[in-house]
Amino acid sequence: MKLFNLSIAALLLSISALALAEGGGDRTFTRAMLENQKAMERYAASQGKPAPVVQSYRYGMALDIARVVNVTPAAKSCEVVPSRMTYEDSAGQLKTIEYQVVGQCRNNGS
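Count the sequence shown with mature numbering (1 follows the signal peptide of the UniProt record, and there is no 0) and you get residues -21 to -1, 1 to 89, in order.
Calculated directly from the structure, the hints in this document are not laboratory data.
Every value quoted in this text rests on a predicted model; they were computed, and no experiment measured them.
Ideal placement from N, C-alpha and C gives every residue a C-beta, glycine not left out.
Check each hint, because a few of them may be wrong.
As the list claims (entries may be wrong) - BS3-like cross-link-like pairs, simulated, lysine-lysine; straight-line CA separation at most 27 Å:
no.: 1; residue 1: K28; residue 2: K17
no.: 2; residue 1: K17; residue 2: K55
no.: 3; residue 1: K55; residue 2: K74
no.: 4; residue 1: K74; residue 2: K17
no.: 5; residue 1: K74; residue 2: K28
Stated by the list, open to error - Pairwise CB distance ranges, derived in the manner of DEER restraints:
no.: 6; residue 1: S69; residue 2: Y22; range: 27 to 33 Å
no.: 7; residue 1: Q72; residue 2: G39; range: 19 to 25 Å
no.: 8; residue 1: K17; residue 2: D43; range: 21 to 27 Å
no.: 9; residue 1: Q79; residue 2: A30; range: 20 to 26 Å
no.: 10; residue 1: K55; residue 2: Q26; range: 28 to 34 Å
Between the sequences and the hints, there should be enough to build the whole structure, so can you do that?
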């Protein structure tokens, strides 16, 4: 009976840990996106340009990329995560596009 109770307790703890890890990851990505947005606002101000508005990428969307300014680093996650790229178009305007990428997952310990 004690073994059964310990097994149930271990199962409940592991499930709650997974739930906390997932929620923590969401907060981490949100914080990274906000930090990126603030950094790009500072960059725009230093260049004398208006801050770029974050636009969600849609499949087939035509992008006029003359120069890439910033790309958020790849997240360490085994899931699909948000990423952003800020670029200047051929008219010199700053634009930020948000899209989804597969995180860098290393389950095998290498």
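### Message
Assuming the hint says 28 to 34 Å, is it satisfied by the Cβ distance from K55 to Q26 or not?
### Response
Distance hint for K55, Q26 holds at roughly 31 Å.
### Task
Note whether the CB distance of S69 and Y22 lies within 27 to 33 Å or breaks it.
Because 19 Å falls outside the window, the suggested range is violated.
### Task
Please test the hint of 19 to 25 Å on the beta carbon pair from Q72 and G39.
Between Q72 and G39, where Cβ atoms are some 21 Å apart, the hint holds.
### Query
Lying within 20 to 26 Å: is that true of the beta-carbon distance Q79 to A30?
Cβ of Q79 to Cβ of A30: about 23 Å, so the range 20 to 26 Å holds.
### Query
Given the hinted pair K55 and K74, is their alpha-carbon gap at most 27 Å?
25 Å, holds
### Query
Given a hinted range of 21 to 27 Å, is it respected by the beta-carbon distance of K17 and D43?
25 Å, holds
### Message
Just to be careful, I want the Cα atoms of K28 and K17 compared with a cutoff of 27 Å; is the pair within it?
### Response
14 Å, holds
### Query
Taking only the CA atoms, is the gap from K17 to K55 under or equal to 27 Å?
Holds, because 22 Å separates the two Cα atoms, which is no more than 27 Å.
### Query
Under the criterion that the straight-line Cα-Cα distance not exceed 27 Å, is the pair K74, K28 satisfied?
Given pair K74, K28 holds - Cα atoms ~11 Å apart, limit 27 Å.
### Task
Decide if the proposed pair is consistent with the structure: K74 and K17, CA atoms, cutoff 27 Å inclusive.
14 Å, holds
Of the numbered hints given earlier, the model fails hint 6 alone.
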